[in-house]
Every structure is written in structure tokens, then in C-alpha cells.
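2 protein chains.
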Amino acid sequence: MGATHLKCRECATEYALEASFVCNRCFGPLEVAYDHTGLGDDPAATRRRIQAGPQNIWRYADFLPLAAPPAPSQRVGSILGLPAGCTPLLKADRLAERLGLGEVWVKNDAHNPTHSFKDRVVAVAAARARELGFDTLACASTGNLANAVAAAGAALGMDSYVFIPSNLEEQKILATGIYGTNLVKIRGNYDDVNRLCLELSGEHESWAFVNVNMRPYYAEGSKTLAYEISEQLGFRTPDRIVSPIASGSLFTKIGKGFREWLDLGLIEGDVPIMSGAQATGCSPVATAFGEGRNVCKPVKPDTIAKSLAIGNPADGPYAIDLANQTGGTIDAVTDDEIREGIKLLAETTGVFTETAGGVTTATLKKLADRGEIAKDERVVLVITGDGLKTLDAVRGSFESYEIDADVASFNTTVPTPTEVTA
Amino acid sequence: MGATHLKCRECATEYALEASFVCNRCFGPLEVAYDHTGLGDDPAATRRRIQAGPQNIWRYADFLPLAAPPAPSQRVGSILGLPAGCTPLLKADRLAERLGLGEVWVKNDAHNPTHSFKDRVVAVAAARARELGFDTLACASTGNLANAVAAAGAALGMDSYVFIPSNLEEQKILATGIYGTNLVKIRGNYDDVNRLCLELSGEHESWAFVNVNMRPYYAEGSKTLAYEISEQLGFRTPDRIVSPIASGSLFTKIGKGFREWLDLGLIEGDVPIMSGAQATGCSPVATAFGEGRNVCKPVKPDTIAKSLAIGNPADGPYAIDLANQTGGTIDAVTDDEIREGIKLLAETTGVFTETAGGVTTATLKKLADRGEIAKDERVVLVITGDGLKTLDAVRGSFESYEIDADVASFNTTVPTPTEVTA
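Chains as they are written, first to last, in full-length UniProt numbering: chain R, 1 to 422; chain D, 1 to 422.
Treat the hints with care, since some could be wrong.
To be verified - For each label pair, taking beta carbons as the anchor points, the in silico distance ranges come out as: (1) D:67 x R:100: 43 to 51 Å; (2) R:97 x D:298: 44 to 52 Å; (3) D:38 x R:236: 30 to 38 Å.
Hints were generated in silico from the structure; no laboratory data involved. Using N, Cα and C, we set each Cβ at its ideal position, and we do this for glycine too.
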């Protein structure tokens, strides 16, 4: 039971569970394969065991690629690094009403240790890295991953090297360097950073690049979003997921998570309609989807949604396949729509998201406006990051009053309902 | 069972559970009184019921001042507003080691919906406000409360008026206005803002000022920190709490929470040694404590720890009493020590805190350096807010490298272990 081997997604060649990520034969990406024997025999028992697990992703340890998962703990929190996952699923009635939809839920993954879903993938990659004997973490990042890797290094007592585009949001730079990591800013975009890290991972074999040589393990962390959403809905799938697409990894792994549990009979329903969301300033996957192609043409990103600014998305084709298989779509929204999306979500739910969440919310609005979402659909909007990390996007987006510290100044400056209706 | 009345902390006069906060007879502050009959009869049963509750503060609903607490839900998350509480308690072995201490835990309350402990107090105040028929929330805030009230208003569909000093950190202003609140910046400090709100609460009786007319309910929310810490330690009290002091409310209510559960036999141990933490730039409570006085002389705040910048702390005397009763202290640390505290916590635990958490961490270091903490003490450090909200404090606090996107540039610029040891 548990992870058994790595397997090429293209030619199915099998490899040992080591720090490798690409097939020697066909250069396809490697994925983790599992033996789930027994987990589906008594679904109720498996569900009960999950529910009795810790309040973090390790409650799903049976479905994650570790030889010996960190020991479960009933504690809220954990001494096994930062506790990722078990983020809130909020019923967003006021958002649904505003968009004319029946039922909308917000999966708020900003509610993670470093405020993005990247804590999930880093938790899995770092745990596997330790099993394999690594003592240094590294990554190529658009920002959120930088935060998560630097924090995980500090929490686990591992060294870290974090590579980012030099033009990243200041918030994400400060919330990385503070952890005492080796922070390397690259004069270039994310695709340049990624290429460099690919080269460096060959030269520094003692480093666990979470999204290069550890990528198969890293990517599995995203499945926990599907598990959690199902569990929070009473072990049922929702009808539709709206999720951002950068490399396409998160999007496809959410699909994989639902499928695994459906195959084992742990949840009821079907794989949800998968609706992908990109920014028009970096939409290679949406463009290919719109043109009926499967191969994504690389682009040079130019968008405020920097955490999604991957011009050459590794898992783009698989994301397109998943959208097509589930009757979904992949849309793109403008920077102005992203800013409006952030505001719409904040005003109707109390969740302040970064630009990536603005992309997802704006895409939900676009789907609603197009009439693509049936009234009886249960929709889950995946919010992957926090508004405090992309403040440029909201500066000047609202009014405020400035007054002296006396009632007269208040009364003459700030309209109140009584006055408005008077 | 449950909350029975409001009671003057000074003269014990009783009042109904309405929106009142000050005694008509002696002008003392009102507190919520409870009838806990039955809750201590079978402690094991009460503990089990708590553990079976939702993953937020409503698992402690029996100890909170609501007529009908929001219905418990097993879901992670909640449809009853934003899910506050159940934040991680992290074992901080590397921090303990750095300070020469035996056992240190970090209660990370930045892991709340708007990233501070204020979500707890607002959740309780807003729930009670709805019971009492209010449809507008308001507050006087040093920043974190502004975020929490504006978000709660958006989540619950209530109007809100938020009053802040105009010189607040930009991060906290943006993370308030985005929710569509009425944001009022006051040319003055927090004490001016507070005084104005006190006046306005008389003129706008249909507004629930969470920390003015709703203050008795609001303050009770802080008790949940004590409940959670106990529960997370296996229904035992820690030996010492290090907590920040602004108004003194959080500090004293943590003490009240432990005492309530000890009285009922729900937890083992004693009320912990309570160590308070202030910034030297605003330390009226630490100063009074140091001088052996009980009454705090108001000061004009001047510190980077703006969330603690209350020059005239309402609950200062009670905080001093608690520190004295438990054998604790109340210390103050400089702005430089605060910056170092932020860095120390981040580097050793992976938790990035705002200036208030820097105050607490620096105070823990000061107590350790003074040799005041016994080797066998179990210490809990209360981290109340998030580093992303006070970025000025960390700018320029670390080194980084900037390179071109090629291996040669990396090799010539970034030192790596192999080179260092060569």
C-alpha cells in the first residue's frame, strides 16, 4: 500500500521513488503511482480514519508519496513542519446572489501557513526530500512558492535557495527573505528562472529543488485540495471547480485527486466540470484551448497576476485534456477584470485574495454572465493566495474619509444612513 | 447554563445582557458572568463534546456569551461568518535551543481569517450584535481590528464603519478598505480615535461598536486562546504565557480562560505565569508594573509596534494584577529589539509575524537572557498578527543576490556550501 514507483505519463516506463522527474526514454514527465489495495474495501472505515486524522494534509497520508508519513497527531498544528491544508470552505451566498448563481463555495487556500496553496506542495516535497536524505531545499518561484519554501526551510531547520524573477512584488520578496533563506533574484521572467533552476539542479545534486527534481512528489500535494473539498462537502464531489492555471499542475492534480477517491468509492458524484482561469496577459493554455489545440505556444507574460505568469506551462496539455474531458473551459480575464474580481470577492465574502484569486473570481463571473453555469450547480471557487501579497492591485480601488478627532468633523464629512435617506 | 448577566468588575452591580459596557453606579467596566452548572460534573464528557465540535471558536460556545451559539458544524470552515480560531500551536525547538530554553511553543494566531487574533473577538461581538438586532458594525482600531471588522461585515452582509489613526501602515489600510467598509481615518493617534468612537457610540445607538458598547462580549472572544492552548496541550495548562499588552484586554482574558476551565476541572495545572510584553515607545503598563504601581500613566505612543500603540490602556490595572498574582512580569522592548524578534521567530520557526509578535518574541528573549525561565518550563509564545501587515519593519533586514539567468552568473555571485568550505 502507498506509493510504489514513478511512472512516465507518456510512455509508462517505471522508475524508483527517487529524486527524478523526467523519463530517460521519451522525456515525458514522471508521476507517482500507488497501490491503493485495501483503501476502498470498506470506504466508511477509510473515511472515519481520515476524519480522525490531524487537522492538516497528513490526514490524507495514505494517498501521498511518503515511505513513512509524518506520524498523525490529533493536535491542531503539528511539530512536523508548518501545518498545511485543512483550509476553510466557505459558503458564499452573497457572491452567488450577486452573480445570479445557485450555490457557490469558496475554498480559501490563503488560509495556509504562508497564505497560499504552495504550503501543501512544499510540505509533501520537503517531507519526501528528508526521507531521501536531502538537507537543502530550493525552488524556482513566481513568489508564493518562494514564501513557502523559505518558511519550510526555517521550520524544518533545512538550508534553502530560492530563485525568483527580480521584478516580483515587494511583499513576496520581504516575506521570503525574512526567513533567512538564500534569496536569488534573476534578471528575467519566471520562465528564465525555471530554465536556470533546471540547469542548476544538475550541478547541485544535493539540493532538493521542490519543483524540479522533486516535482513528482511536489505535484501530489495539490491533490489534497480535491480531498478536502470532497470531505468538507460530506464526501461528495461538487459539480464544478473554478481554478487558476499557471503551469497547469494544480488544475490537473485536483482532477486526479477526485478521480482517485471516486475510483476507490470514498466519495459520491463525478469528476467535476473543470473550469480553468488565466490572465489575458499570460494565457497560453486558454488560447490553445480556445483554438482547439492541445499544444500551448509559449508567450512572454505581461499581467498583474504574477503568480500565474508562466509563459511556457509544463502541464498545459494535460490541463486542456482535463477541461475537455469534463465539459469545462479555460478562460482568460483582463487585468481590470482581475482587480474587479478581487473587490467582488472581498465585498461579498470577507476573503481578500491576491491577483490569482481575482483571476478565478473574474472567470467565475464570466462563466455566470455567459449563462454557462446551471442554476442547480454546486460550484467551488479555488482561491490560492492572499491579497496582502499583491497590494499594487488594490491601491486606489476604494474611497475613504479623513477627519479630525471630533464629532463635528465626522458629521460634516462622513455620510451615514440617516443623512442619506433624509 | 451559559451567560446570565453583565457584572461590574469594580462594584459587582448586575445588568442585563444588552449593549452596555460601563457601570452606571461606579463607571467600572462590565464583564460577562456565566452559570457553568453542569459543565464540570463530568469533565471527560465536556472535553469530548468540545473535541467533537467544529474547527473554530464555536467549539467553545458553552463558554461564550451568546443566547444561541451558531449551530455547531463538523465542517472545516463555517457558513456562520469567517471561521476564527483553531490556529496552530507549533513546537518551536529551534527557537528554544537558540534561547537556551527547555520547551517553547508558538501559538500562531496570524493563522486566522484576517491574520490576527482580532478575528476571535470580532466573531463573538458580531454574533452577539446580530442577536441584539444590530445591522451595523463599527470599531476604533489600531489596524488588525479594522481588518477583522470590515471582513466580518462583508462575510455577514452587515454595514460597517471603521475608525483608524490616519498614519496607520498602508497594508492595514488596504486590507480594510477592500471589503467595502466605510473607512474613516482620524488625524490623531489611537487614543483620539477611541475617544471619538466613545462619543459616536452615544449618537449612533443602532451601531454595534465591537470594542465600545459591545466590549464585554468582544473581550470574551480572547478567552478562546486559553481554551485552545490548553486543549492543544492535552487539556493541561502551560507553565508560562508570553503575550503582548495593548489595552490589556487580551492578556487578562487569557488568564480568565485558564481560570474558568481550572475551576471546572476541565484542565490540569495552574494558571500559567503571565509575562506581558510592550514596546518601550508605548509602555504605560510595563512602566507602572516596574514601579510597583497599579495605575497606568497615559503616554503618547511612538513605536513601530502600532497595533500595540494604546497610550491609555483601559485594562492596564487588571493586567498588572494578573502578572503579580501569577509571579509574572511586564517588560518593554525597543524598536530594534522588535525587528530582531521578528527575524528570530521567522528564522527559527517559519512564522513571519508583525511588529506585535516581534515585541513578544523579543520579550521572551529578554526573560531568557535574564535567566528568569526555568529549564523545565513549558512556555507558550502568543503571536497575534502577521508580518505581511508591517512590512516597514523588515525592509533592509536581510541580504539577497541579483544575477543574470545563467549558471555562470550564479556561480560568480552566490556562495554555496561547497565553495565556502573549499
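Notebook entry, point to check: Do the beta carbons of residue 38 of chain D and residue 236 of chain R sit within 30 to 38 Å of each other?
Noted result: 37 Å, holds
Margin query: For the hint 43 to 51 Å, verify it against the beta carbon of residue 67 of chain D and that of residue 100 of chain R.
Written below: 35 Å, violated
Notebook entry, point to check: How does the Cβ-Cβ distance of residue 97 of chain R and residue 298 of chain D compare with 44 to 52 Å: does it lie in that range?
Noted result: Because 47 Å falls inside the window, the suggested range holds.
Hint compliance for this structure: hint 1 alone is broken.
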